[in-house]
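Chains H and B, in that order, give the protein sequences. Just so we're aligned: 16 in the working numbering is position 16 of the first sequence, and the numbers increase by one with no gaps anywhere. Just so we're aligned: 302 in the working numbering is position 302 of the second sequence, and the numbers increase by one with no gaps anywhere.
Hints were generated in silico from the structure; no laboratory data involved. Note that beta-carbon positions come from the ideal geometry of N, C-alpha and C, so glycine has one too. Among the hints, a few may not be true.
What the hints assert, rightly or not - Here are the simulated SDA-like pairs of lysine to any residue, each with C-alpha atoms no more than 20 Å apart in a straight line:
#	chain 1	residue 1	chain 2	residue 2
1	H	K82	B	V23
2	H	K82	B	K631
3	B	K631	H	Y129
As the list claims (entries may be wrong) - Which bits of chain H does chain B cover? Going by a derived footprint, with three or more residues having C-beta under 8 Å, they are:
#	region
4	4-11
5	56-69
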Amino acid sequence: MSKHRVTATVNGDAVEFLCETGETLLEALRDELQLTGTKEGCGTGDCGACSVMLDGRLVCSCLVLGVEAQGKTIETVEGMAKGDELHPLQRKFLEHAALQCGICTPGMLISARALLERNPDPTEEEVRYWLAGNLCRCTGYHKIVEAVLDAAREMRGA
Amino acid sequence: MTVKYQEKPLKIVGTRPLRPDGVDKVTGRARYAADYNLPGQLIGKVLRSPHAHARIKSIDTSKAAALPGVKALVTRDDFADMPVEYAASGELTINFRDVTRNMMAREKVFYDGHPVAAVAATSASIAREALKLIKVEYEVLPHVIDVLEAMKPDAPLLHEHQFTDGVTPKPDKPSNVAKRMVFALGSLEEGFKQADLVIEREFNTKPVHQGYIEPQACVASYTEDGQVELWTGTQGHFVFRAQLAKVLQMDVSKIRVTATELGGGFGGKNNIYNEPLAIALSRKSHRPVKMVMTREEVFRATGPTSGANVKIKMGCTRDGRITAADAELNFQAGAFAGSSVGMASMCTFTRYDLDNVRVVGNDVTVNRPKVAAYRAPGAPIAVFGVESVIDEMARKLGIDPIDFRLKNAAKEGTQTYYGPTLGPIGFVETLNRAKAHPNYRLPLGPDQGRGIATGFWFNIGKETSSTVHVNEDGTVTLIIGIVDVAGGTRATMAMMVAEEFGIDYDKVRPVVGDTSALGFNFITAGSRGTFAGGMAAVLAARDAMEKLCRRVARIRDVPPEAVAWKDGRAQPAEGSGTQFKPMSLEEIAREAGRTGGTISGHSEINAEGAGPGFGTHIADVEVDRETGSIKILRYTIVQDVGKAIHPAYVEGQFEGGAVQGIGWALNEEYVYGADGVLQNPGFLDYRVPVASDVPFIDSVIVEVPNPNHPYGVRGCGEVPIIAPMAAISNAVENAIGVRLREQPMSPPRVLKAIEAAALATTQD
């Protein structure tokens, strides 16, 4: 089976990988680029564990083909922290105990960051509806919503 | 063994430090089973039955084996048959004759999704291609999905060798009822005679899946000298090792299992599925094999909890004292016997102090995947029926639902109908705290209602071991054998160990050891993690502290009994009359090598004395009469946890458990077609709660210490899922005067119930 050569930018680095025609961006990230921080929970776009940013758009990477990433910019959880400094959302997730098993956490963080970039001052309801595409089975969402609201407060400097 | 509770001033226990696994989880570093890769690894895939029930006439793998890139294939012929032999696996009992048939079908397939063959190839796409080339000839048999249908004498029979256990005389015909059990106390006849009010109702619930977001995954490597290394997502790597040794007929010592970071389990990762197949494929191919389930496979072939039919009959006096309680629980076991009906039977009425009780439980095989444990296995199902009937009684008698429960509440000294007499428990405290909670008095609007329900779970102890290494710099490495199933047991055990030593929390690094690091540890189940694991960790720390004191006695040349550990230092024991310069952990550690060698503490225990947990829930709902949808306005949990080592993680258990219960009550169900094929094996059609479905959960932690744990801990993880179905159903009745006895209370069912009630009123 012949493979396609794809070049893209991932978390600021130029990358190059080979993938099969039917391979998803999620598989390419995890299997070709060894960026296993992005998780697969369903493979059908229903759980949000594989959320990444593709040219600034929040997508389920299991619903994007690897070849579609050609020439595009991808951001994953591995690029959220800057050196020693965690992103405020990462820090607030820790402080609020907003994660248990952690399998949904990378997708939640990427999704929550996309929300705050668009709406720096969301209401509780806006957070809940924005994160409705990210399933979590451990936390009941309580502490996740608290963490996102608290991170938003801090990032606004409020 | 037990360790006596001692009240003492606490510095770390009861605070909220960050979890040691946290940074890895927010940065994407944490390694789950699917994140592991070995050099040269193959990808394994499973061929599954498309039929609910069929005899396997033949399996031809020759075409698949000839496909370039295919390196190994396994079918039933590659695994030994097993005799009937029982073992504990989590909260349920397994039978190896069934385990080997569930991991790979032998004579028959028993459910849509039952494994029939497995293949390992150089890529996933080749492995998938190979599955299409395997020819299986089936003789399709009639199937049965519904539990009551399966109990009928003329129902399609799953197991020709299965005669109902627990019935005398022994039946002469095989049956889908694998086992009938009866628990009884006093006389029902007498009890019902004393009753002024008798209510008898029937309830039905659907199977629901644990719904962990991480599908099952594993990587196995089998070497030429017969050694196995396995990385897998499990709730109990030692128990997996034992089961694998059995079904693969290997020595336990030749299998080393690493429990990877676990992406949720809730009881669903207590059982082996792909692991024996991956090992067998690795043995045949001489290459490591990685297997990851798809979400569809998780739904079709891993254990949901039972769907059930429940009949409850209860009597009480005019002033609200329950005089008799009778229950029949009919539980789907799935394809093989062994549902949670036994535990459900013991939980049915145990929140109450009753004289006359009978619970009959039936464990029934049906053509569905074999059920697995799910958080307080079975209890929510039985409790839904009982708490609904109690609600109806209280309403009929005009008694406040909490007062009604207080009149009957179990307390220290209550004789349970399943055996033990209860020790110190906090049930009454939870009822009183719920009654006093501001949420219990908030006004309700039109079509809004409030419901109360309660839950009880035993909690367990069992085999547990732990090691504490005092490192050269005086920091501590804590090795635990209990898998941290995400509740935060690594953090809570490190906190208890730090408290014992009198050192900072961040000086203790907890690590879950692989199966070569410690002796056997039972699976993380029964809310035993912080209870039993904590007890073992504390004892390992105390063992180390004793050795530290002896070492200091030698260094300072004083009698051993003159040295005591206090505030992080070895000091002169009170009343010993000896004086010497105290030594800190760091000072002793630095000199350890020269003064007798490294100091480590160990403990290997069978933890006993788990404290039962009780909770009271208040649900406020609003019902949309037009769409039938139920909105949860508020949800309050009041629960006795003995002692909250890390209160935020206890709240996390309350919040997560409640929301799983809300999903069970409102949305989740397995839907089968007439052909016996699962129609909703994905998160789009099997709808677990999302963030916008639920409100914040109000948690009230009650602490009535467990006398048998050094810090008073009771398990806390399972009780929160027990009451939601009943509490929400009671709230719906309170809101619109319609009682739902079928779960889930999805919009179509609610609408139907509203219409039926309206029709009944018109006919009156």
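Against the 20 Å threshold, does the CA-CA distance of B:K631 and H:Y129 hold or violate the hint? Given pair B:K631, H:Y129 holds - Cα atoms ~15 Å apart, limit 20 Å.
Checking C-beta pairs, does the region 4-11 of chain H have three or more residues closer than 8 Å to chain B? Coverage by chain B is violated for the region 4-11 of chain H (0 residues, Cβ < 8 Å).
8 Å C-beta criterion, at least three residues: is the region 56-69 of chain H covered by chain B: violated (count 0)
Taking only the CA atoms, is the gap from H:K82 to B:V23 under or equal to 20 Å? Cα-Cα ~13 Å, so holds.
Take a quick look at whether H:K82 and B:K631 sit within 20 Å of each other, Cα to Cα. The given pair, whose Cα atoms are some 41 Å apart, is violated under the 20 Å limit.
Hints 2, 4 and 5 from the list above are not met by this structure, while the remaining hints are.
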